[in-house]
Amino acid sequence: MKRSFESPITLLGARALAPFIMMFGLYVIFHGHYSPGGGFQGGALLAASVLLMRVASGSKTSSLILSNAVTTPMGVVGVLIYFGTGLLAMFLGGSNFLDYEGLPIPGMSPYYLRYTGILIIEVGVGLAVMAALVLIYDKMADGEVSQ
Amino acid sequence: MIEANLPAMFVVSYISISLLIVLAGVRFKESAQPLATFGAGVTAVLSLVGWIVVKANTEAGFPAIRYGFGGWAPPIGIEFVLDGLSAFFLMVVNGVAAVVLWHSAGNLDKHLDAHPPTFYALASLFLLGLNGMILTGDLFNLYVFLEISSLSSYALIAIGSRQAPLAAFRYLILGTVGGTLYLIGVGFMYAMTGTLNMIDMMAIIPLIAEEPAVLVALLLMIVGIGVKAALFPLYGWLPESYTQTNSISSALIAPIGTKVAAYVMIRVLLFVFGASGLNAVWPLSEVIAYLAGAGILFGSIMAILQKNLKRMLAFSSVSQIGYILMGVALMNPLAFAGALFHVLNHAIMKATLFMVSSHLERQEESVDIRDFNDSYRVKYPWTMATFTLAAISMIGLPPMAGFFSKWMLALGTIEADHWVLLGVILTSSLLNAVYFFGILEKVYLRRSGQKEASQASMNEVSWGMRLPALILALTLLCFGFFNVPLLDILQTLFPV
Amino acid sequence: MEMFLANYAYAFTLLILCIGLYGMFFKRNLVKKVIGLSIFQAAVIMFFVSLASKMGGTVPVKWDEIPVEMIDGYMNPLPHTLMLTAIVVGVATQGVAFGLLVNIWNRFKTLEEDALNEAILEDSRD
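Residue numbers (this note's numbering), protein chains in the order written: chain A, 1 to 147; chain B, 148 to 643; chain C, 644 to 769.
These are calculated hints, taken from the structure and not from any lab test.
Please read these numbers as outputs of a predicted model, since none were measured by experiment.
Possibly wrong hints are sitting among the right ones.
As the list claims (entries may be wrong) - If you anchor each label on the Cβ, the simulated ranges turn out as follows:
#1 B:T639 - A:I118: 40 to 48 Å
#2 C:A758 - A:K139: 18 to 26 Å
#3 A:M108 - B:I223: 50 to 58 Å
#4 B:L452 - C:E761: 16 to 24 Å
#5 A:K139 - B:V363: 35 to 43 Å
#6 C:I730 - A:M1: 23 to 31 Å
#7 C:I714 - A:S7: 52 to 60 Å
#8 A:I120 - B:L558: 51 to 59 Å
#9 B:V363 - A:L64: 30 to 38 Å
#10 B:E150 - A:S109: 24 to 32 Å
#11 B:V643 - C:A758: 35 to 43 Å
#12 A:M108 - C:V702: 24 to 32 Å
#13 C:M644 - A:P36: 30 to 38 Å
Stated by the list, open to error - DSBU-like cross-link-like pairs, simulated, lysine-lysine; straight-line CA separation at most 30 Å:
#14 C:K670 - C:K752
#15 B:K176 - A:K2
#16 C:K752 - A:K60
#17 A:K2 - C:K697
#18 A:K2 - A:K139
#19 A:K139 - C:K670
#20 A:K139 - C:K752
#21 C:K752 - C:K675
#22 B:K454 - C:K752
#23 A:K139 - C:K675
#24 A:K139 - B:K589
#25 B:K454 - B:K589
#26 A:K60 - A:K2
#27 C:K675 - A:K2
#28 B:K176 - A:K60
To be verified - Computed, partial: chain B to chain C, Cβ under 10 Å:
#29 I149
#30 A151
#31 A302
#32 Q310
#33 L313
#34 I320
#35 T323
#36 G334
#37 A338
#38 L343
Note that beta-carbon positions come from the ideal geometry of N, C-alpha and C, so glycine has one too.
Excised from the complex, chain A in its bound form (with noise of 0.2 Å):
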C-alpha cells in the first residue's frame, strides 16, 4: 500500500481523476439540502479523489496533496465547526442546542437561519468524513510490514 502502483497508464488516469472527484464532492456537499447529497455522501467523494491519489502514486508522493500531520487536526476541525455551531445557537441565541434559530447573524428570518445553519454543518461533516476515511487508509498502510 505504500509504494506506487507500477503502472504509468493508472498514475495518469488518476491525475486527470482526481481533480474532478473532488470538484464533484464539493459540489455534492453544497448541493445537500436541496438535492440528493448533503455532508456524508460529499466527504466520502473527497475522501476517494485522496484515496485514488494515494493507491496510484504512493503515500510518499501523495503525502504531498494532504499529509499525515495534517488529516487529524482537520477531522477536529470538521467535528468543531459542527459542535460550535450548535454551541453557538445555544450559548448566544437562547434556543436549544443545535437549534439555528439562535445563531447570530444579523439581519435573516429564522427559516433562513435553519437554512444556513444546515448548510454550515455540513461542511463540518464532509470535512470530518474526508479526515476520518483518509486516516483509516493511512493507518492501515503504517501497519503495513514491508516484504
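Knowing the structure of chain A, use the given hints to seat chains B and C on it.
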C-alpha cells in the same frame, strides 16, 4: 442557562473534552489523563444536579424533563428525557467512571507506550455513548449512541496482551450483529407504529400488541440488546474481552458497559412495551427471568473453575448481570428496586475488584490465582483489605451493600411466586462465597505445614492508586448502612 | 406463492441477511467474516429503504410540480435519513474491523481462524 439545557450538557461536556484531549495531545501528551478525569468529574457533578432537579420536579408534579434537540417538539424531533431512572443511571455511570479515570493516573507508565491522548479520547467517547444511551428518548438515536460506545470499546479492548486484538475482533462481530438485530427490530416497530419516539410508542402499543410483527420486533430487540448486556446464552464475547485487555480499559468498561445495556432493556421492556405488551403473546418476561437465572448459575460455576483472576472476575460479571436482568424481568417494585440497587453495587464492586487486580498485575506481573500466597498479606495490606471489603459485598454479607440488593431481589422473587429463582439466588451466593473465600484463604490463612511467610516487605502501589479503590470500597459500606431511603426512592421508579 | 410475490422486497432482504450470516459464521478467514458483516448490514439498509417506498411516489426531494400536501407523491424521507446514519456506522465499524485485522496479522502472521486457535493454545500452554 445550564439549568435550562441540562440534558444536552452531558453530551456537550464529553464531546468538548474529547476534542480538547486530541488537540492538546498534539503538544502536551501528559495532559490527556487529567483532562479526561476532569471531564468525567464535571459530568458526575452535572448528573448529581440532574438528580436533585428531578427530585424537585417530582414533588412539584411533573417528573420528567423533555428536551427537544434543534427546537423541534418531541414527536417530530429527537428528544432527551431526564427522569428518575435516567438520573440514577447517569450518577452511577459518571461517578464510577470519574473514580476509575482518577485511578488510572498511577498505571499509565506501564501500559500506554501507545498514546495517552488517543486512549483517553476513546474513553471519553465511550462515556459519551453511554450517557447518550441513558438520556435518549428516541429508539433510533439509541442505536446511534449504542454504536458510538461499542466502537470505542472495541478499540479500547484491543490494547492489551498479545491476544487482545483477537478478543476485540470477536467482540466486534458479535456486538455489531447485536446492534443490527436491534435496528431491524426498530424498523419493524416503525413500520407498525409510524413513530420512533419512546413516549409516543408507549401510547400506541396497547392497541397492536398482538400483531405478529410486534412480537418479532420484540424478540429481535431482546436478542439484540441481550448480546450487549450478556444475557445468558449470548455472553460469549465477555470472558475473553475482559481478560485480555489492559487493566485501565477493563476497570472502565466492565463495571458500566453491560449496565447501560440492562438500562436499555428496562426502557424497552418495562416502559415502551409494558408488562401487558411484553406478555401479550408469549410469556417473555418469564423466559428472560429463567434465562437470567441460568446465567447466574453458569457464571458462578465457571468462575470457580478459573485460574486467572481477571477471567474469574469476567465470569462473575456474567453472573451478576443475571441478577440485574432477573430483577427487571420479575415485574414488581421490590425486584425492580433490588435490580437497580444491584446496578449501583455491582458497578462499584467490579470497579474495585478490577482496580485491585491491576495493582496485583503491576507489582507481581501475573494474575494467576495459584500463585497467591501468604506473603501478599504483608506485601499488599491496603490492596488486600480493599479486596476483602469488595469480596464480602459480592458474596452478600451484611452490613455491606451487596446483602441488601440480594435481599430485595429475593423478596421480589417471593412476591412473584418464583420459588426456583429464589433457590437460584441463594445457591449462587454460596457459589460466590466459594471462589472469593478461596482467594481470601490463600492470602490470609496459612495451612499447617506451610513455612512462615517469606521475609517480604510492603511493596504497595502508590497512594494515587490505593486511595480510589479504598474510597469505592468504603462507599459500599456507606450504602449498606444508609440503604433504606435509597431503596424507598428506587421502588417509586417502577413504572405502573 | 402469491404471498412471496407480494412481499418480494422482504424476501430478498431475508435472503441477503442469510448470506451475510452464513459468511460470518461458516467462513474460516477473518476477512471473509468482515465481508459477511458488511453484507448483513447492507440487508438491513435495504429493509428500511423498502419500508419507505410508496406506489407512484417519487424521491423525497421537493419538486414544484407535486405540492407538499399531496403526500402520496413523495416517498417517506425518514427511513432514508436513518439509513444515511446507519451507512456511516457501517463504514466506521468496517474501519475498526480492518484496523484490528492489521494488528492481528502483525502479531500472528495469519488470518485463518484454525491457525489462530492453535497459536492461542500454544501460548496458553507455556
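Exercise for the section: Below or equal to 30 Å on CA atoms is what counts here, so check K60 (chain A) against K2 (chain A). Expected result: Holds. K60 (chain A) to K2 (chain A) sits at ~7 Å (cutoff 30 Å).
Practice task
Return the status of the interface hint for T323 (chain B): holds when the least beta-carbon distance to chain C is below 10 Å, violated otherwise.
Solution key: It holds, given that the least Cβ distance between T323 (chain B) and chain C is near 5 Å, below 10 Å.
Practice task
Tell me if A151 (chain B) is really an interface residue toward chain C, meaning its C-beta lies closer than 10 Å to one of theirs.
Solution key: violated (28 Å)
Exercise for the section: Would you check the hint for K176 (chain B) and K2 (chain A), treating anything up to 30 Å between C-alpha atoms as holding? Expected result: holds (28 Å)
Practice task
For the pair supplied as a hint, K139 (chain A) and K589 (chain B), confirm whether the alpha-carbon distance does not exceed 30 Å.
Solution key: violated (46 Å)
Handout entry: 30 Å Cα cutoff - pair K139 (chain A), K752 (chain C)
Key = holds (18 Å)
Exercise for the section: Starting from K454 (chain B), check that the Cα of K589 (chain B) is at most 30 Å away, please. Expected result: holds (13 Å)
Problem - K752 (chain C) paired with K675 (chain C) [C-alpha distance capped at 30 Å] - result: holds (17 Å)
Problem - Holds or violated: K670 (chain C) to K752 (chain C), with C-alpha atoms at most 30 Å apart - result: holds (19 Å)
Handout entry: CB-CB spacing for M1 (chain A) and I730 (chain C) relative to the 23 to 31 Å hint
Key = Hint holds: Cβ distance 24 Å, inside 23 to 31 Å.
Handout entry: Hint status (Cβ of I149 (chain B) to nearest Cβ of chain C, threshold 10 Å)
Key = violated (28 Å)
Practice task
Look at the Cβ atoms of T639 (chain B) and I118 (chain A) and judge whether their distance stays inside 40 to 48 Å.
Solution key: holds (42 Å)
The structure fails hints 3, 9, 11, 17, 24, 29, 30 (numbered hints given earlier, in ascending order).
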